[in-house]
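Chemist: Here is what each chain is made of, one letter per residue.
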Amino acid sequence: MTDDAPLLVAEGLTRYYGARLGCRDVSLTLHAGEVLAIVGESGSGKSTLLGLLSTELEPSAGAIHYRMRDGEMRDLSALTEGERRLLLRTDWGFVRQHAEKGLRMAVSAGGNVGERLMAVGWRNYAGIRNEAIDWLSRVEIQPDRIDDDPRAFSGGMRQRLQIARNLVTKPRLVFMDEPTGGLDVSVQARLLDLIRSLVADLGLAVIIVTHDLAVARLLSHRIMVMKEGRVIEEGLTDQVLDDPREPYTQLLVSSVLAA
Amino acid sequence: MTALEQTQTASTSAGMPAITYNFAYLDEQTKRMIRRAILKAIAIPGYQVPFASREMPMPYGWGTGGVQVTAAILGMDDVLKVIDQGSDDTTNAVAIRGFFETTAPGVATTTRTQDATVIQTRHRVPEQQLQAHQVLVYQVPIPEPLRFLEPRETETRKLHALADYGLMHVKLYEDIARHGHIATTYAYPVEVDGRYVMDPSPIPKFDNPKMDDSPALQLFGAGREKRIYAIPPHTRVVPLDFEDHPFKVQHFAKPCALCAATGVYLDEVILDDRGGRMFVCSDTDYCNTRQAEGHRGEMSALPEAAE
Ligand SMILES: Nc1ncnc2c1ncn2[C@@H]1O[C@H](COP(=O)(O)OP(=O)(O)O)[C@@H](O)[C@H]1O
Ligand SMILES: [Mg+2]
Ligand SMILES: [Zn+2]
Chain F
334 MTDDAPLLVA EGLTRYYGAR LGCRDVSLTL HAGEVLAIVG ESGSGKSTLL GLLSTELEPS
394 AGAIHYRMRD GEMRDLSALT EGERRLLLRT DWGFVRQHAE KGLRMAVSAG GNVGERLMAV
454 GWRNYAGIRN EAIDWLSRVE IQPDRIDDDP RAFSGGMRQR LQIARNLVTK PRLVFMDEPT
514 GGLDVSVQAR LLDLIRSLVA DLGLAVIIVT HDLAVARLLS HRIMVMKEGR VIEEGLTDQV
574 LDDPREPYTQ LLVSSVLAA
Chain P
229 MTALEQTQTA STSAGMPAIT YNFAYLDEQT KRMIRRAILK AIAIPGYQVP FASREMPMPY
289 GWGTGGVQVT AAILGMDDVL KVIDQGSDDT TNAVAIRGFF ETTAPGVATT TRTQDATVIQ
349 TRHRVPEQQL QAHQVLVYQV PIPEPLRFLE PRETETRKLH ALADYGLMHV KLYEDIARHG
409 HIATTYAYPV EVDGRYVMDP SPIPKFDNPK MDDSPALQLF GAGREKRIYA IPPHTRVVPL
469 DFEDHPFKVQ HFAKPCALCA ATGVYLDEVI LDDRGGRMFV CSDTDYCNTR QAEGHRGEMS
529 ALPEAAE
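Chains as they are written, first to last, in this note's numbering: chain F, 334 to 592; chain P, 229 to 535.
For reference, chain F alone in the conformation it holds in the complex (with noise of 0.2 Å):
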């Protein structure tokens, strides 16, 4: 297996709720280390795409191939529930906008990032609260919170959190919807540059939700645009920002539109 084979493809994904649209006919195709942003209005099927992808939601139609960590490229339709939960938990990770469907909120800081290491077997207490002080203090927060549970903790620091807890497991792919939202400026800006830094020193791939195009302009490498659950343009994020051709992507970015 190459380094240029993609990690992960998609192709004709498309989801009904009942005669209700979620999102139609989407393909793409991700590579190890790239960051993509899906933007678009509030409804556009960002949300539901990014559940057919982490195989949160069951397509209507269309497939979606992983290159698991052995290197087979892998029909994720075809894994078994057991396999299926291994990926979540170790090559994968979500970030959530609202914290509280990310972590556990009456367990601990260590044990929110120690979970994922019992659950593949780690039996040393020291060993898993060591692995967890290095996460906590690698997302910036005081390893004397540790046994401090997330309801005594700020938005930004929830968020920071939910971070450690999915790479503990040094996965090579996470999915963030709209991890930022809600935040107050200062801490959203604090929280993008760790999470551009972790990205970057990991060399995480990442697909992420946002209506926020200063988020996907910080972040990503590339960007897909969805109005009314298709994608209308898609490309490297400076150019689609800085030169939209779709009428729709120009009044995003010119803040036309409400995301």
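Rather than coming from a laboratory, the hints here were simulated on the basis of the structure. Check before you lean on any hint, since a few could be wrong.
Said to hold, decoys possible - As a list, the in silico EDC-like pairs of lysine to aspartate or glutamate whose alpha-carbon atoms are at most 20 Å apart: (1) P:Lys386 - P:Asp403; (2) P:Lys268 - P:Glu256; (3) F:Lys434 - P:Glu381; (4) P:Lys268 - P:Asp421; (5) P:Lys268 - P:Glu372; (6) P:Lys386 - F:Glu414; (7) F:Lys434 - P:Glu526; (8) P:Lys399 - F:Glu464; (9) P:Lys399 - F:Glu391; (10) P:Lys386 - F:Glu416; (11) P:Lys399 - F:Asp480; (12) P:Lys399 - P:Glu471; (13) P:Lys433 - P:Glu419; (14) P:Lys399 - F:Asp481; (15) P:Lys454 - P:Asp343; (16) F:Lys434 - P:Asp421; (17) P:Lys433 - P:Glu496; (18) P:Lys386 - F:Glu389; (19) P:Lys386 - F:Glu391; (20) P:Lys399 - F:Asp482; (21) F:Lys503 - F:Asp467.
Claimed, not checked - Here are some, though not all, of the chain P residues that point toward chain F, as calculated from beta-carbon distances under 10 Å: (22) Tyr393; (23) His397; (24) Val466; (25) Asp469.
Don't be surprised by glycine CBs; every beta carbon is placed ideally from N, CA and C.
Following the hints, complete the assembly by docking chain P with the ligands onto the known chain F.
Modeler: Relative to the frame of chain F, chain P with the ligands by itself:
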């Protein structure tokens, strides 16, 4: 424990109109349904088998799951013992024993562990090593060991199916993080036969080692939650722990104040309102037997009249 399929008649007390019960209260069809669940539970050690739990003439907190299991396995030649926290004479134990004396005439009852063929228990395993011909029936309030961190039943079922038990260690991790050691002292989770993680019911963790490789069949009934599970004889039962925080049972500083037994589970008994107390065997049959054999503890001289 032969499965007798006969209907018995019993009258509650002289002078009252005779009430017709089926032997051991439950009708034969219900007993067969419960026995099928028990057989399945024995075939899959530690797996929680759903069953159609019936209303029993006692409240749920009284061990209706255990009562239904006992009713389903009881035969005419059985000898039944009922304990509650190690004691044969609490209200709960007396009521359940009385229930079977009334509804299962012919079944002998006993307080002696070694004489019993079926022992229904709430919160203890007898101190005396059980034998191959004995069955221990546990009353279970909450059968799901994962519930603490995962309240959704659909999800816990999946976790069991996939043997996905990381959450159990999260719970133990939290214990150590908060208390410096694993502070779970009751209902301490175990792995059964290298596969299913099981809640042993609220027995003290002191009793966990007795579940391992026991010659006796162990059955667990949860009435409100409609679950039956089992540990067949000579099954490996291993408490969950960490390498650097291994499972340990409680240790008691002093022997039983009445029979001088060591290595048994002791209850604290308040003697007076001036702070006087003593520690005595929680298993009253075990303690009585030892005293009858002549063993004496440091408080044995106390006047019996204190009752
Ligand atoms: N669970 C659902 N049931 C029905 N319709 C849904 C559901 N989730 C999303 N939709 C619809 O699918 C479309 C895309 O939604 P979504 O993917 O959430 O968009 P975005 O994340 O871009 O705001 C919208 O029309 C939305 O109303
Ligand atoms: Mg969304
Ligand atoms: Zn004693």
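Chemist: Indicate, hint by hint, whether the structure satisfies it.
Modeler: To see whether the hints hold, each was checked on the structure:
1. P:Lys386 - P:Asp403: violated (25 Å)
2. P:Lys268 - P:Glu256: Distance of about 18 Å is within 20 Å: holds.
3. F:Lys434 - P:Glu381: holds (18 Å)
4. P:Lys268 - P:Asp421: holds (15 Å)
5. P:Lys268 - P:Glu372: holds (18 Å)
6. P:Lys386 - F:Glu414: Roughly 9 Å between the alpha carbons, so the hint for lysine 386 (chain P) and glutamate 414 (chain F) holds.
7. F:Lys434 - P:Glu526: violated (58 Å)
8. P:Lys399 - F:Glu464: Measuring from Cα to Cα gives roughly 18 Å; hence the hint holds.
9. P:Lys399 - F:Glu391: Between lysine 399 (chain P) and glutamate 391 (chain F) the Cα gap is close to 32 Å, so the pair fails against 20 Å, i.e. violated.
10. P:Lys386 - F:Glu416: Holds, at about 13 Å.
11. P:Lys399 - F:Asp480: Status holds; Cα separation ~13 Å.
12. P:Lys399 - P:Glu471: With Cα atoms ~15 Å apart, lysine 399 (chain P) and glutamate 471 (chain P) stay inside 20 Å; holds.
13. P:Lys433 - P:Glu419: Roughly 14 Å between the alpha carbons, so the hint for lysine 433 (chain P) and glutamate 419 (chain P) holds.
14. P:Lys399 - F:Asp481: Given that 20 Å is the threshold and the Cα spacing comes to 15 Å, the pair holds.
15. P:Lys454 - P:Asp343: violated (30 Å)
16. F:Lys434 - P:Asp421: violated (34 Å)
17. P:Lys433 - P:Glu496: Within the cut-off at roughly 17 Å; holds.
18. P:Lys386 - F:Glu389: It holds: about 15 Å lies between the C-alpha atoms, which stays within 20 Å.
19. P:Lys386 - F:Glu391: holds (18 Å)
20. P:Lys399 - F:Asp482: Since the Cα atoms of lysine 399 (chain P) and aspartate 482 (chain F) sit roughly 13 Å apart, the hinted pair holds (cutoff 20 Å).
21. F:Lys503 - F:Asp467: holds (13 Å)
22. Tyr393: holds (8 Å)
23. His397: holds (4 Å)
24. Val466: violated (12 Å)
25. Asp469: holds (8 Å)
The structure does not agree with the numbered hints 1, 7, 9, 15, 16 and 24 stated previously, though it agrees with the rest.
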